[in-house]
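Modelling step: build the complete structure from the supplied sequences, incorporating the hints.
2 protein chains.
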Amino acid sequence: MTEKTVTIALDAMGGDHAPHTVIAGAALAAKDLRDMRFLLFGDQNKLAPLLDAGASGLENYTIHHCDDVIAPDQKPSSALRHGKQSSMAQAIQAVGEGRADCVVSAGNTGALMALTMFGLKRLEGVSRPAIIATFPGRERTVCMLDLGANVEADAHNLVQFAIMGDCFARHVIGLDQPKLGLLNVGSEESKGLAALREAANILRDGEIGVNFHGFVEGDDIFNSTVDVIITDGFTGNVALKTMEGTVRFIASLLRGFLRSSFLTRLGLMLTGGAFRQFFRQIINPGAYNGAVFLGLNGIAVKSHGNANAASFANAIKVAASLVHADFNEHIREGLGRLARKSAK
Amino acid sequence: MTEKTVTIALDAMGGDHAPHTVIAGAALAAKDLRDMRFLLFGDQNKLAPLLDAGASGLENYTIHHCDDVIAPDQKPSSALRHGKQSSMAQAIQAVGEGRADCVVSAGNTGALMALTMFGLKRLEGVSRPAIIATFPGRERTVCMLDLGANVEADAHNLVQFAIMGDCFARHVIGLDQPKLGLLNVGSEESKGLAALREAANILRDGEIGVNFHGFVEGDDIFNSTVDVIITDGFTGNVALKTMEGTVRFIASLLRGFLRSSFLTRLGLMLTGGAFRQFFRQIINPGAYNGAVFLGLNGIAVKSHGNANAASFANAIKVAASLVHADFNEHIREGLGRLARKSAK
Chain Y
7 MTEKTVTIAL DAMGGDHAPH TVIAGAALAA KDLRDMRFLL FGDQNKLAPL
57 LDAGASGLEN YTIHHCDDVI APDQKPSSAL RHGKQSSMAQ AIQAVGEGRA
107 DCVVSAGNTG ALMALTMFGL KRLEGVSRPA IIATFPGRER TVCMLDLGAN
157 VEADAHNLVQ FAIMGDCFAR HVIGLDQPKL GLLNVGSEES KGLAALREAA
207 NILRDGEIGV NFHGFVEGDD IFNSTVDVII TDGFTGNVAL KTMEGTVRFI
257 ASLLRGFLRS SFLTRLGLML TGGAFRQFFR QIINPGAYNG AVFLGLNGIA
307 VKSHGNANAA SFANAIKVAA SLVHADFNEH IREGLGRLAR KSAK
Chain V
7 MTEKTVTIAL DAMGGDHAPH TVIAGAALAA KDLRDMRFLL FGDQNKLAPL
57 LDAGASGLEN YTIHHCDDVI APDQKPSSAL RHGKQSSMAQ AIQAVGEGRA
107 DCVVSAGNTG ALMALTMFGL KRLEGVSRPA IIATFPGRER TVCMLDLGAN
157 VEADAHNLVQ FAIMGDCFAR HVIGLDQPKL GLLNVGSEES KGLAALREAA
207 NILRDGEIGV NFHGFVEGDD IFNSTVDVII TDGFTGNVAL KTMEGTVRFI
257 ASLLRGFLRS SFLTRLGLML TGGAFRQFFR QIINPGAYNG AVFLGLNGIA
307 VKSHGNANAA SFANAIKVAA SLVHADFNEH IREGLGRLAR KSAK
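First to last, the protein sequences are chains Y and V. Everything in the first sequence is counted per the working numbering, starting at 7 for the first residue and increasing by one. Everything in the second sequence is counted per the working numbering, starting at 7 for the first residue and increasing by one.
Hints are supplied without guarantee of correctness; some may be wrong.
Since copy identity is lost for identical chains, a pair holds within one copy or between any two.
Said to hold, decoys possible - Keeping only pairs whose Cα atoms sit at most 25 Å apart, straight-line, the calculated SDA-like set for lysine to any residue is:
| hint | residue 1 | residue 2 |
| --- | --- | --- |
| 1 | K127 | L199 |
| 2 | K185 | G212 |
| 3 | K185 | L259 |
| 4 | K127 | A345 |
| 5 | K81 | A201 |
| 6 | K81 | R203 |
| 7 | K81 | G220 |
Keep in mind that the hints were calculated from the coordinates and are not lab data.
In structure tokens, the structure reads:
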């Protein structure tokens, strides 16, 4: 079977180490996955030298010059008003106009969210888009959504998140019957906010076709209790940032500890490289390095701002796998089942 | 100046290692702080042998026999209905009836919350009680509330939490002008839920007498950006459990890593004791080991369920310091300033 060529629009100017890591990441991804074509949006004067004479190893690409760049601290509202000519907005527009199958950016998250919402619009039937990402769990990868696309979510939104998360776990992670959990402050059925209890009641219904485990708590995120954790974007974002902050704090404690005595310094010397690798692993836990914006007319993947070439390549692969899986078609089907169920 | 004797009601049967750690913790605390008297609530047959002939070193105590114990997994509703004769409820009642100044328990958190709310009632002017705890930050201790007394909080509740948290940071941690932050999904003023923006507007008013920094995010918890983090009990509880889960996950990764190769095993052997100490430090980050229930007619402190004698002693000291500081009087004053401000 030959797979169709995937056309990937890249915001070549987004991220701390752009455009170098973007080009190098694309070249790495192209080695692993064939039949990819890249549309590179950015400053031609910066991109051309990196690509000339095959220096990057990247072959199947076109450069689309953009004068403007979204700044890392630019507010979403400003990006919407003034950023139309930016590499980010232009890359998104390529997806919106059907010239590309997906867009990947390591740029400003808030701006990317605003520009994709505006440029791609919601998928039919989706009330609210959501951001999903994956984390390494004790036994296996866990997905969590919404990580901040919206600050509030009612029961209906949460159920839609569950269906989108279920599709993601099946078609991107490759799980057969992913277990879903709703993030709450206790695992008993009577706990928590009314919207959560209502969403749980809907999800328990077998006809929706998801494997609903029930409520989970914050310490279940890494416990492999479930495969997909569903929450509103406010709570999800706080949990995500709390995880990141905790990891950095412990890493700093560990560094201090390792340098604290002669024996620990000796131990560090003996194992130095291995410890550096350990730190890299825990500091950057995004197994796939791709936060995916779900529920839009088009695939959009956000890479970490400080991604290196390898992790940017992973974000590209996530985007490509969503395209290959015909991901939005699965969301449409899932939402269709829900709508038929609600109509009864 | 002689300080008044503090009478402390102890739920001697609460916690994983009760009653041993409770008795031993009381004895430790009594060594450091003079003028403490303990009312020990629990099974006389279990307590007496630990105390007989001065075996524990504890002197100033009375035993109050209780037939019943709240089970670790007992639901709050069941504790309220059936737990009146339990050591936990009886210890709380001693505070409610003025026979003790404060109560400390390492038992079931949900039950303790329900029983204290019922047994002590809200302090006049407090709309909703809150749970506060302290965490080690990069530069200094940070306090966070509400950690789960209520799942929802409106702007008015959040402002009251801010005033109670401010009192705690001043009179328990000993800070002069504690910096307060509202937990949100971004630091810009326009971000987040309406209740948060409204609370921020109220807190920015100088007349309330708190030093309000603005919005903070989940990764600010350990960053020492502020001294007190204010949030609703749902978000606070998720953040707390996420922290705990992240710490345990990283500790397990680190353990696996340390055993992964000859060199790391050698390093571990060299530094073995130090690493064990490091693990203990990160796994049990509660600097004070006391979650305090604020806003009640009486002082109630929750110790970790798996507290050892030293950390149970810390919880007792927190309770005693709240009594010595005449803590609830400060809350009354702060709420009074707020009420006068609102009345204008």
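These are the hints, each one checked on the structure:
1. K127 x L199: This pair counts as between: shortest inter-copy Cα distance 23 Å, intra-copy 30 Å.
2. K185 x G212: Within. Shortest intra-copy distance 13 Å satisfies the 25 Å Cα cut-off; inter-copy 49 Å does not.
3. K185 x L259: Close across copies (24 Å), not inside one copy (35 Å); limit 25 Å.
4. K127 x A345: within (20 Å within a copy, 46 Å between copies)
5. K81 x A201: Only across copies: K81 and A201 sit 22 Å apart there, 30 Å inside one copy, limit 25 Å.
6. K81 x R203: between (35 Å within a copy, 17 Å between copies)
7. K81 x G220: between (37 Å within a copy, 18 Å between copies)
Of the numbered hints given earlier, the model fails none.
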